Structure formats: C-alpha cells, structure tokens
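Number of protein chains: 2
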Amino acid sequence: MAFDRLIQRIIELKNPTVVGLDPKLEYVPDYICEKYFKEEGTTLKAAANAIQEYNFALIDAIYDIVPAIKPQAAYYEMYGYEGVRVLYNTIQYAKEKGMFVMTDGKRNDIGATMEAYATAHLGRVAVNGIEFEPFGADALTVNGYLGTDGIKPLLNLCEKYDKGIFVLVKTSNPSSGELQDKKIGDDAVYAVMGDMCEEWGSSQIGKYGYSSVGAVVGATYPEQLIELRKRLPHTMFLVPGYGAQGGGAQGVAGAFDENGLGAIVNSSRAVMCAYKKEENCPETDFAQAARREVIRMREDIVSHINL
Amino acid sequence: MAFDRLIQRIIELKNPTVVGLDPKLEYVPDYICEKYFKEEGTTLKAAANAIQEYNFALIDAIYDIVPAIKPQAAYYEMYGYEGVRVLYNTIQYAKEKGMFVMTDGKRNDIGATMEAYATAHLGRVAVNGIEFEPFGADALTVNGYLGTDGIKPLLNLCEKYDKGIFVLVKTSNPSSGELQDKKIGDDAVYAVMGDMCEEWGSSQIGKYGYSSVGAVVGATYPEQLIELRKRLPHTMFLVPGYGAQGGGAQGVAGAFDENGLGAIVNSSRAVMCAYKKEENCPETDFAQAARREVIRMREDIVSHINL
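Residue numbers (my numbering), protein chains in the order written: chain A, 3 to 309; chain B, 3 to 309.
Just chain A, same shape as in the assembly (with noise of 0.2 Å):
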C-alpha cells in the first residue's frame, strides 16, 4: 500500500510534513534566473530550467528531514510544455532520494478519460509493446465532484502499482463552503464526500489502517478536521493551508489519530521562499534557509501531536 510506504517514511523521520513545490520563477533567486537567460535566451525554456535547478536544490536541502514533496502541476504548466518537463524531472529527483511524491493535480474526469489521468501521473503507458511511466507520482490529487465512475479507474491503478489518491472534501480556501458546508439532508456536502472516501478505499486498507484513498481536508478549518477525523477512521488526511494560509500547528493536531498518524501537513510558500523572510539571508543560501524551516515546522507541529 502507497500510505503504508509514506507512513512509514514519515515514522522514520519523525515529521509529518510535505513540501509543496510550487515554483513561480519570481521565487527562484535571481542569479539562477540570469544564468539561464543569459545561456539560453529569454524563453519558457529557460525558465524552466531555472525553476529545475531551484528545486534540485531545494530536495538536496530537505530530503533527509521532509519524508514528502507535493508538486502543484498549475505553476509547471505556467511554463508551458517546458514546465511541464521540468515536474517530469522533479518527480523523478526527489524519487531517486528516497521522497514520497504527491502530485497536486486535482485532476477528475469520467471513465476513460479519467483512465488517461490516472495512466498519466501515477501508471504506466503501452507504446509499440513498451511501457512507460509518463509521470510516475506515488499519489495524485483528486476531485470527485463526479462520482464513482471518476475514481474507479484510480482505484485500479493504486491497487495494481501500488499507488494512492487524496480526494478533495473540505478545502483550506474561504469560499470553500459555499458548496462543500451546504447541507444535504443532515450532513454537508464535505461529509458525504468524506463517506465516499471511505467507501472508495475500504478495499484497499494497509497496515497502518489507512486505505489508499486520502482526503484533502484544509489546516484552515479545525473543527471540520477533528469531526472528520473521526468520521473517516481509515483515510489519510493531506491537510494544506499550515503557514501562509493561516493554519496552526494547534489546529491541525485535530488531523492526526491518537498515534500521531493518519495526516500529513503541506507548507509550500513558506519553505520555498524562506529566504526572503530570514533577516539578512543573501539569496544564495536559499536551500539552507528552506532546511530550517522545515526543521522548524516539524518541530512546531511533532510539538502538538503523539507521534
């Protein structure tokens, strides 16, 4: 079971904690940028490739503490084609340290269609006879807006490569609850989403307890991570929001079960670009600067939770 492997990671480690690498270029230190520009032109290729520089760096500083990394696809595919090259490699980097990686697509679709999805980011693709692994994430974000039919084809996938999903429920942003916290009959739209994940991984359930099918839960809404903490007893919670969003390390302790598992917190911003925050940080220290704040962050949050 995928969540097995990360939790066992995240165990070893002593931190429950994912680095969202979320690349704008106007995060990337401005001597790398102008290394490319200068080498290749001003292109998407070259922002590219800055960005990919930055991030190697950013893993070589963190692998060691972090157990996890979560991509988010929109700022690569800001690049354009190049961009997208460029989460290829850093998908295949981070896997080759020892991280977990979850790429945050939130993709959805129906049947085949979602089929392609799941093939694209956590499968492997036949062509003349030949495999391939498009993108080969350990687990992908999901939407489940439609139903079964746009998971199913996921579920195959996990339980043939050994992968796993999180499912959008309740989402860290303000007007998550314009639909999610809207009532059907006596439940919210995010606890019946919630039920479905449950229903979705119940046959896949590894040794830790956790299924193969995790839900997004934001560290932005606390009560709703400790009611559904409780009402999902076998789902993983990705909780984004920590940090930059306003979450605290009180209010995510909500997520985690009584061992100090069943939920991994995501910081991007506040990693990536620690180097602007620290007082008289030169930016060529960016990767040490982001070592400390994850240090900092598991700190922070091992300090609420048993694990």
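Source of the hints: derived by calculation from the structure; they are not laboratory data. Please read all numbers here as calculations on a predicted model, not as lab measurements. You may find that some hints are simply not true.
Put simply, identical chains are the same to the list, so a pair is met inside one copy or across any two.
As the list claims (entries may be wrong) - With a cut-off of at most 35 Å between alpha-carbon atoms, the simulated DSBU-like pairs for lysine-lysine come out as follows:
hint, residue 1, residue 2
1, Lys40, Lys162
2, Lys40, Lys232
3, Lys278, Lys162
4, Lys47, Lys99
5, Lys184, Lys16
6, Lys232, Lys184
7, Lys26, Lys40
8, Lys37, Lys209
9, Lys154, Lys279
10, Lys209, Lys16
11, Lys154, Lys278
12, Lys47, Lys37
Assemble the complex: chain A is given as a structure, and chain B must be docked to it using the hints.
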C-alpha cells in the same frame, strides 16, 4: 466576449458542434505510428509526434465545417511532457485555421494556484519582462467544487484576454448523480452549481445574451438539459456524451434556446475513429471519414433545432 466569437462562428458554419481531440495512440492509423517508430524509436516522443500528425490531418479535414475543437488534456498528459508539447502545437494549429479551441482540463484549485492554471491555459506569463502564452486556448473547462475563490482568477483573465470557461454542472457519466443529484433544500447540487455559474458570469454578458461562464451538461441527461436551459438563461452549455455515450440528437435539442443557440455539442471518438466504423474504409482515408462524420453529425443536430 469569447463566446460571442464562438457563437458567431457557429452561425457562420450553421453548426453548433465541437470535435473532441482525445487521441489515444490506438486511434492513430498504423502507417503513421510506424513511420515515427522507425524514425525516432519506440519512445514517448515518437508516440506524441504520431498523434500530432493525426491531429493536424483531422483539423485540416474539418476546420471549414466545425467551429471548434476540444482537446482533452488527459490524453496528452498520458504521453508525458512530449504529449503536452503536442497539446500546445495542436492548439496553435487549430487557431491558425480559425477554429475556437476549448481545452478540456477540468482544472480547479484555490486563489493563487487557480491563477497559475488560468495563466497557463488562457493567459500570459511574464518571463524577464516578456510575455508568453503557455497554451493559449480560447476556453477551459473547470470544476467549481472549491467555490468562488477557484473561479475568480478565471473571470479576471476572461475579461482581460477575451476568454471563456465551462464549469462542470451535470456531467454525462452514469454515477454523476452520486453527488450532483443530491438535494440541498429543494435544489439538486447541479442546480446550485448552475446558479453559481449564472452569478459568476453576470458581469460579462455578450451580445447574444450568453456570459463568458458556461456550463458542462451531459447529453445523457435530456431532462436536466431542459430544466437547466430554463434556469440558466445566460449560461452557454457545452454538451458532451452525444453518440458514443448514448446521447441522441433529440435529447440534446433541449440544450438550445429558441434561436438554436446557447449550446455546443461535443463528439470525440465517433469522429476520430470514424474510419474504423465505416465499411471498407482504408486507414489512409481516416481524415475524410472524420469529415463525413462531422457533416453527418451537423445534419443530425441541426435538423432538431431552430438555428
């Protein structure tokens, strides 16, 4: 307004249909695949280039009949970043031929990240002071589960760059009702989502009465098409599920207003693989078979509406 451009073209060609370019390698005639495998070996790049030749030939054969194409991102991602390069090239080629391009990506995320998706697919990204169009489609399909935060960045870009979006409302798949048909008070979830589309589009209504915020409503649910057509007078419908999924022309007629406008019906596989269904059609005739199928489809649909 982007949908004014689309509707203008629909009227000119008297054809409210769109061809989904969802290219699996299995759809591409063998003689094309073999050429690329011979030249470039068995690689994702060769597969992607074979798909590109196939796509370009299909576009050449249909652009004077059909107003729009809808490339489905999943099928390009399935061939890795080389596939995504072909998505870009396909969009550019179709636009050069005067077609309206809607990328079917069903993207969704919160604020800053949704901005990155919007920039990627509909906008322009700045690199060292120069602006690039990463993908440059005219419209994008999106998932509204996250609420207004996930839609607002798109509305800004739609206004700035003359683009449109289609939000998933009632999808064509059998299990779409698991969440979408559930009742929130007296209304189904899909109706609540539809109302949100009307609201999101209310400040960007074009000369034909339709806003830049459209809705995806499946051909497989003809009653909901009629219901939603009445309920959402300013919302253009993208209607998948005609043909292969079982939706008929009579059923989709309910998606249109009294002038035969307000909807565009998609067909993917039936067009792309027309040559496999026609009797005694050599595979070298695949593009002309697609042309015959889009003409058949146009006649079928136009005969049921008042365009």
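Structure-based check of all given hints:
Taking the shortest Cα distances, Lys40 and Lys162 sit within 35 Å of each other only across copies (31 Å), while inside one copy they are farther apart (45 Å). With identical chains, the CA atoms of Lys40 and Lys232 are never at most 35 Å apart, being 55 Å at best within one copy and 57 Å at best between copies. Within a single copy, Lys278 and Lys162 get their C-alpha atoms only as close as 43 Å, which misses the 35 Å cut-off; across copies the closest is 31 Å, which meets it. Taking the shortest Cα distances, Lys47 and Lys99 sit within 35 Å of each other both inside one copy (25 Å) and across copies (26 Å).
With identical chains, the CA atoms of Lys184 and Lys16 are never at most 35 Å apart, being 37 Å at best within one copy and 42 Å at best between copies. Taking CA atoms no more than 35 Å apart as the test, Lys232 paired with Lys184 passes in both settings, with 20 Å inside one copy and 24 Å between copies. Taking the shortest alpha-carbon separations for Lys26 and Lys40, only the intra-copy value of 19 Å comes in at or below 35 Å, while the best inter-copy value is 39 Å. Taking the closest pair of Cα atoms, Lys37 and Lys209 never come within 35 Å of each other, the shortest separation being 48 Å inside a single copy and 49 Å across copies.
With identical chains, the CA atoms of Lys154 and Lys279 are at most 35 Å apart between copies only, with a shortest distance of 29 Å across copies and 43 Å within one. In this assembly of identical chains, Lys209 and Lys16 lie within 35 Å of each other by CA distance solely inside one copy; the values are 18 Å within and 60 Å between copies. In this assembly of identical chains, the alpha carbons of Lys154 and Lys278 lie at most 35 Å apart only when taken from different copies (28 Å versus 43 Å within one copy). Both within a single protomer and between protomers do Lys47 and Lys37 lie at most 35 Å apart by alpha-carbon distance, with minima of 13 Å and 28 Å respectively.
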